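Visitor: Given the sequences, and given the hints that come with them, work out the whole structure.
From first to last, the protein sequence lines stand for chains A and B.
Numbering-wise, the numbering used here puts 281 at position 33 of the first sequence, and it's gapless, one number per residue.
Numbering-wise, the numbering used here puts 287 at position 177 of the second sequence, and it's gapless, one number per residue.
Quick caveat, the hints were computed from the structure, so don't treat them as lab data.
Don't take every hint at face value.
[As the list claims (entries may be wrong)] Residues from chain A that face chain B, not an exhaustive set, calculated with beta carbons under 8 angstroms: (1) G340; (2) V341; (3) A349.
[Claimed, not checked] Heads up, simulated DSS-like pairs for lysine-lysine below, C-alpha to C-alpha not over 25 angstroms straight-line: (4) K585(B) to K574(B); (5) K167(B) to K282(B); (6) K282(B) to K380(B); (7) K540(B) to K399(A); (8) K399(A) to K569(B); (9) K430(A) to K478(A); (10) K585(B) to K569(B); (11) K356(A) to K585(B); (12) K373(A) to K356(A); (13) K585(B) to K380(B); (14) K384(A) to K399(A); (15) K569(B) to K384(A).
[As the list claims (entries may be wrong)] Label pairs and their in silico Cβ distance ranges: (16) E533(B) to P383(A): 27 to 37 angstroms; (17) H518(B) to Y334(A): 27 to 37 angstroms; (18) H302(A) to K392(B): 23 to 33 angstroms; (19) P318(B) to Q392(A): 33 to 43 angstroms; (20) K540(B) to N437(A): 33 to 43 angstroms; (21) D544(B) to R374(A): 25 to 35 angstroms; (22) D427(A) to P318(B): 35 to 45 angstroms; (23) Q392(A) to N182(B): 55 to 65 angstroms; (24) D570(B) to R374(A): 28 to 38 angstroms; (25) K282(B) to D382(A): 55 to 65 angstroms; (26) R388(A) to F160(B): 56 to 66 angstroms; (27) D570(B) to R355(A): 27 to 37 angstroms.
Note that this is a predicted model, so its numbers are computed, not measured.
We put the beta carbon where it would ideally sit given N, CA and C, even for glycine.
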Amino acid sequence: MLTIRNIHACVGEKEILRGLNLEVAPGEVHAIMGPNGSGKSTLAHLLAGRESVHVTSGEILYQGKDLLSLNPEERARAGLFLGFQYPIEIPGVGNAYFLKAALNSIRKAKGLPELDAFDFLELVKRKMKLVELDPKFLERPVNQGFSGGEKKRNEIFQMAVLEPTLAILDETDSGLDIDALKVVAGGVNSMRARDRSIIVITHYQRLLDYIVPDHVHVLSGGRIVRSGGKELARSLEESGYEAAHRKVSEGVLG
Amino acid sequence: MKVVSHAIRELTDREYPYGFVTEIESESVPRGLNEDVIRAISRIKGEPEFMLEWRLKAFRHWLTLKEPRWPNVQFATIDYQDIIYYSAPKTNLPGTSGAEATIEEVDPELRAMFGKLGIPLEEQKRLTGVAVDAIVDSASVATTFKKKLGELGIIFCSFSAALREHPELVMKYLGSVVPYTDNFFAALNSAVFSDGSFCFIPKGVRCPMELSTYFRINAADTGQFERTLIVAEEGASVSYLEGCTAPMRDRNQLHAAVVELVALDDASIKYSTVQNWYPGDKEGKGGIYNFVTKRGKCKGARSKISWTQVETGSAITWKYPGVVLEGDDSVGEFYSVALTHNFQQADTGTKMVHLGKRTRSTIISKGISAGHGQNTYRGLVSVQRNATDSRNFSQCDSLLIGNRCGAHTIPYIEVKNRSSQLEHEASTSKISEDQLFYAKQRGIAGEDAISMIVNGFCKDVFRKLPMEFAVEAQKLLEVSLEGSVG
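Guide: Laid out in structure tokens, this is it:
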């Protein structure tokens, strides 16, 4: 599904990712954890094609194709979805209108017929239930006047409608109370499928109690410094990132 | 969205799609302006004596005026002696001007031109229920649905025809809202105006269809100086549409029109404009100077005048459609979208003058700047001493696309009594990289995202446009924003 080989990338003059490797197979859920400033969001933006992230070396293959040669909308149409840490407000543009445009441009790229207003409405009403969003949301401008929790639920709702092949969820848990966290996690879990991979980026282990990953990686200093199963997350919670990093460094040195 | 992206692709390579020139024989007066030229225009049009007198008075007054330089726009000096003040398509019929031609008599070339613009003149083809007065250069070429309207007592014809057939009405209302002394361009227009539309809705009649004037500048080096006069008598109502295009030419052309609206007791007039004059090329060469005076007078109690404008064309736009709220409880509205792209400049807004008691006005202005465009909102809200318990609400929003354009808001407010209430809201926003990235990440292409955001920004104004016009306006914005994603 996704292969990242020795990626080095800068934001401005500063090198953030320094030789990152990652392999994600179809159907897998990977959690990427790490302290602030370790490069988690940079990795998410890099995968989605944000211009401000410059790759200096390395390669990324997505479904066997060179991901870096695609522009952001081409990546989206190829099934790559980024759940934003800070979802963007677009005043004056209705949620439903925005999402319908998005869905139809993706369907068109896949050679599927565009959905008309009725079919679309039926689809979104079904998907809204997954994250317990009120249908009134559809008429409101994209993310404008939404609470932090509503914005995050809206991201998962969009993901449910767009049905991506690879979803990257960037700190979807930040700013959520425990009830909202359960709802969001429930939405994500319902999306797990054999042909869909999910990368969950988070600072805290808490989310992983609800979205149980197949693999956990620790990102530090722009590299994956440790990988393991779901139990790694819990040990991190107990010993902290410092310890995890030190252990690895020692191992490398020794 | 399907329509949107299709429209954009379709028009990508075409730039200004209305830039063609039609080969029509036209008759013109000599270049330049003096009393002889004015007499010649009046003679060609076979006008009554009072009209000529009025023109000459306006001309003599104009000579004492200086071109205004206070608008926030830059342009080279206009040589008023280098303009052809009258040019009209020649008709094949001896002794008639274009205005008198019926549909069948209109030059086939001309008819084809309007077909190309998407405005068929053949009445039988018009299913949309819009009566059209089509004006090319200086003369009106055809007015459709004249007979049907006539049965209701509605007069809808070219200004020239009105002067011949209803001189008493013209004499009564001409200059009653915009006197020739009003400003430099209004004085010039009063001296040389060639044609335009006249519309009269008698007492108690609701006009059953949209009335529309379509303006087209065709000949080179001509100015277009049309005049529109709309009168709605007691309890009458009308909705009026105005559309404009011009060929692409390297030299700037002057368009100095005057529009006067008069609403008597309980009458209402809704005036909508989609202005798409040639804006000049990407380097700012050529384009129309659109210096227009538009004003309505709510003369009667409880009357209402509403202006809606979508300004996408012209190199320079300089206009302030206003309402004088004379009658008690009268209502004035102004809804505007002004877009400047490349090197376009716009200084536009409105004037709401409250004279009567409990008068109300609403101003919603949306300015969009892209490329090197400069967009200024300039508005006056004046509440006079006797206009007690009056209200105004103003909202002026600016949207910036890119970082080389500019938005300016200059509201003037004067209130001379203590019982009136005014509210003014203003905002400036920018289409951010974040918004574009967010849309792209969801699979929406950059230009589609921009037009989506711009349409959202303009929604309050588009809602006020008649349905078909709203669709046209939306498409126009998309085309005008071509290449604004850098």
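Visitor: Could you run down the list of hints and mark each one as holding or not?
Guide: Tested hints:
{"no.": "1", "hint": "G340", "in the structure": "holds (3 angstroms)"}
{"no.": "2", "hint": "V341", "in the structure": "holds (4 angstroms)"}
{"no.": "3", "hint": "A349", "in the structure": "holds (4 angstroms)"}
{"no.": "4", "hint": "K585(B) to K574(B)", "in the structure": "holds (16 angstroms)"}
{"no.": "5", "hint": "K167(B) to K282(B)", "in the structure": "holds (17 angstroms)"}
{"no.": "6", "hint": "K282(B) to K380(B)", "in the structure": "holds (22 angstroms)"}
{"no.": "7", "hint": "K540(B) to K399(A)", "in the structure": "holds (21 angstroms)"}
{"no.": "8", "hint": "K399(A) to K569(B)", "in the structure": "holds (23 angstroms)"}
{"no.": "9", "hint": "K430(A) to K478(A)", "in the structure": "holds (18 angstroms)"}
{"no.": "10", "hint": "K585(B) to K569(B)", "in the structure": "holds (13 angstroms)"}
{"no.": "11", "hint": "K356(A) to K585(B)", "in the structure": "holds (22 angstroms)"}
{"no.": "12", "hint": "K373(A) to K356(A)", "in the structure": "holds (22 angstroms)"}
{"no.": "13", "hint": "K585(B) to K380(B)", "in the structure": "holds (22 angstroms)"}
{"no.": "14", "hint": "K384(A) to K399(A)", "in the structure": "holds (14 angstroms)"}
{"no.": "15", "hint": "K569(B) to K384(A)", "in the structure": "holds (19 angstroms)"}
{"no.": "16", "hint": "E533(B) to P383(A): 27 to 37 angstroms", "in the structure": "holds (33 angstroms)"}
{"no.": "17", "hint": "H518(B) to Y334(A): 27 to 37 angstroms", "in the structure": "holds (31 angstroms)"}
{"no.": "18", "hint": "H302(A) to K392(B): 23 to 33 angstroms", "in the structure": "holds (30 angstroms)"}
{"no.": "19", "hint": "P318(B) to Q392(A): 33 to 43 angstroms", "in the structure": "holds (41 angstroms)"}
{"no.": "20", "hint": "K540(B) to N437(A): 33 to 43 angstroms", "in the structure": "holds (39 angstroms)"}
{"no.": "21", "hint": "D544(B) to R374(A): 25 to 35 angstroms", "in the structure": "holds (30 angstroms)"}
{"no.": "22", "hint": "D427(A) to P318(B): 35 to 45 angstroms", "in the structure": "violated (58 angstroms)"}
{"no.": "23", "hint": "Q392(A) to N182(B): 55 to 65 angstroms", "in the structure": "violated (31 angstroms)"}
{"no.": "24", "hint": "D570(B) to R374(A): 28 to 38 angstroms", "in the structure": "holds (32 angstroms)"}
{"no.": "25", "hint": "K282(B) to D382(A): 55 to 65 angstroms", "in the structure": "holds (59 angstroms)"}
{"no.": "26", "hint": "R388(A) to F160(B): 56 to 66 angstroms", "in the structure": "holds (59 angstroms)"}
{"no.": "27", "hint": "D570(B) to R355(A): 27 to 37 angstroms", "in the structure": "holds (31 angstroms)"}
Against the hints set out earlier in the document, violations occur for numbers 22, 23.
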